[in-house]
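**Student:** This is what each chain is made of:
Number of protein chains: 2
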Amino acid sequence: MSFLDLVKKRKSCRKYLPKEVPRDKIERCLEAARLAPSACNSQPWYFIVVDNPEIKAQLGKEAFSGAYNMNSFAKEAPVLVVFIREMSKYAAIAGGFIRGLQYSLVDEGIAIEHFILQAEEEGLSSCWLGWFNEKSVKKILKIPRKRKIDTIISLGYARDVDGQGELQKNRKTIEQIREYR
Amino acid sequence: MSFLDLVKKRKSCRKYLPKEVPRDKIERCLEAARLAPSACNSQPWYFIVVDNPEIKAQLGKEAFSGAYNMNSFAKEAPVLVVFIREMSKYAAIAGGFIRGLQYSLVDEGIAIEHFILQAEEEGLSSCWLGWFNEKSVKKILKIPRKRKIDTIISLGYARDVDGQGELQKNRKTIEQIREYR
Numbered sequence: 001m002s003f004l005d006l007v008k009k010r011k012s013c014r015k016y017l018p019k020e021v022p023r024d025k026i027e028r029c030l031e032a033a034r035l036a037p038s039a040c041n042s043q044p045w046y047f048i049v050v051d052n053p054e055i056k057a058q059l060g061k062e063a064f065s066g067a068y069n070m071n072s073f074a075k076e077a078p079v080l081v082v083f084i085r086e087m088s089k090y091a092a093i094a095g096g097f098i099r100g101l102q103y104s105l106v107d108e109g110i111a112i113e114h115f116i117l118q119a120e121e122e123g124l125s126s127c128w129l130g131w132f133n134e135k136s137v138k139k140i141l142k143i144p145r146k147r148k149i150d151t152i153i154s155l156g157y158a159r160d161v162d163g164q165g166e167l168q169k170n171r172k173t174i175e176q177i178r179e180y181r
Numbered sequence: 001m002s003f004l005d006l007v008k009k010r011k012s013c014r015k016y017l018p019k020e021v022p023r024d025k026i027e028r029c030l031e032a033a034r035l036a037p038s039a040c041n042s043q044p045w046y047f048i049v050v051d052n053p054e055i056k057a058q059l060g061k062e063a064f065s066g067a068y069n070m071n072s073f074a075k076e077a078p079v080l081v082v083f084i085r086e087m088s089k090y091a092a093i094a095g096g097f098i099r100g101l102q103y104s105l106v107d108e109g110i111a112i113e114h115f116i117l118q119a120e121e122e123g124l125s126s127c128w129l130g131w132f133n134e135k136s137v138k139k140i141l142k143i144p145r146k147r148k149i150d151t152i153i154s155l156g157y158a159r160d161v162d163g164q165g166e167l168q169k170n171r172k173t174i175e176q177i178r179e180y181r
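These protein sequence lines are chains C and E, in that order.
Here the numbering used here is used: the first residue of the first sequence is 1, the next is one more, and so on.
Here the numbering used here is used: the first residue of the second sequence is 1, the next is one more, and so on.
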């Protein structure tokens with residue numbers, strides 16, 4: 001599959017089959033993320049893959065209830081991957097400070113998208129989740145309070161994906177997003 | 001080429017050939033970026049592709065001199081793509097505020113990496129540049145002061161890429177970046 005076809009094919013998935021995901025597939029997703037570029041090669045990332053059914057059930061229940069209920073579909077996913085954003089190298093933090101931005105967030109986007117596109121290539125479906133109870137996640141997984149969890153990836157085999165069968169994604173036109181000089 | 005092979009092959013390029021880049025290749029890079037997912041589907045991005053030799057030369061000279069001289073190699077690239085980070089949708093800004101992060105930066109990482117991986121697939125090489133004179137770039141391209149330019153992508157045919165011939169990228173081991181629960 002060409003890269004552009006992979007990008008076109010990949011859609012968010014909010015309905016999963018209750019089917020186990022082999023770890024060798026997950027390992028290749030992690031490998032794609034591991035190789036991602038980052039500012040000053042900081043590699044500010046750590047992945048906790050939760051595929052133990054009991055821990056996963058507890059995590060899903062606590063992370064996506066109450067105010068975070070809109071993402072409760074994620075409880076259904078057989079795997080939840082908790083992304084921890086680590087500190088960048090000093091040069092990237094200093095440069096980002098001067099330039100007024102946090103490079104670790106850009107790096108997070110790159111690494112997780114590598115993971116997610118490899119998942120698509122493996123026949124797996126996924127969803128980026130940024131809205132969950134971070135405090136509860138840390139408590140269940142015994143993650144120190146000062147570490148940053150921005151994203152959870154839900155992962156598994158799709159029962160259905162968003163806008164299945166639609167040929168086009170809901171995006172701005174090319175004319176709206178670029179010009180030549 | 002499989003996605004993992006594409007990821008392995010792509011390396012930063014700091015030496016370019018003086019060879020024109022066809023616009024149809026650039027258009028497919030932009031198309032890959034256009035289709036990128038983003039928080040609340042905000043699509044907070046705008047690309048100014050500078051391939052006019054005169055404007056490109058002026059941009060390269062002003063953006064990468066003085067304190068920004070470490071990236072002066074970019075003057076050699078036949079194309080410089082200026083990435084403007086736009087505002088996220090209100091829901092993404094509000095959610096990000098509560099969660100303590102800016103989703104537009106994560107979205108930037110995703111969209112630019114889509115561009116860069118498509119470039120690799122097109123036989124083009126590239127480099128992410130975060131260190132340049134933003135003020136000068138805005139002046140030359142007449143971009144309003146309040147818009148945010150975080151990244152410039154240098155693009156072209158490689159005369160050489162970083163660590164050419166090396167089989168492995170300089171990265172943490174898989175054991176350093178993941179665990180299973």
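Note that these hints are calculated values from the structure, not bench results.
Errors might be hidden in some of the hints.
[To be verified] In silico SDA-like links for lysine to any residue, alpha-carbon gap of 25 Å or less:
#1 Lys142/C to Ile174/E
#2 Lys89/C to Lys25/E
#3 Lys172/C to Lys138/E
#4 Lys25/E to Ala57/C
#5 Lys75/C to Leu4/C
#6 Lys139/C to Ala57/C
**Student:** If a hint holds in the structure, say so; if it doesn't, say that too.
**Tutor:** Consistency of the hints with the structure:
1. Lys142/C to Ile174/E: Holds, at about 21 Å.
2. Lys89/C to Lys25/E: Violated. Lys89/C to Lys25/E sits at ~34 Å, over the 25 Å cutoff.
3. Lys172/C to Lys138/E: holds, 24 Å
4. Lys25/E to Ala57/C: violated, 46 Å
5. Lys75/C to Leu4/C: violated, 30 Å
6. Lys139/C to Ala57/C: The hint holds at about 14 Å.
In the structure shown, a violation is registered for the earlier hints numbered 2, 4, 5, in ascending order.
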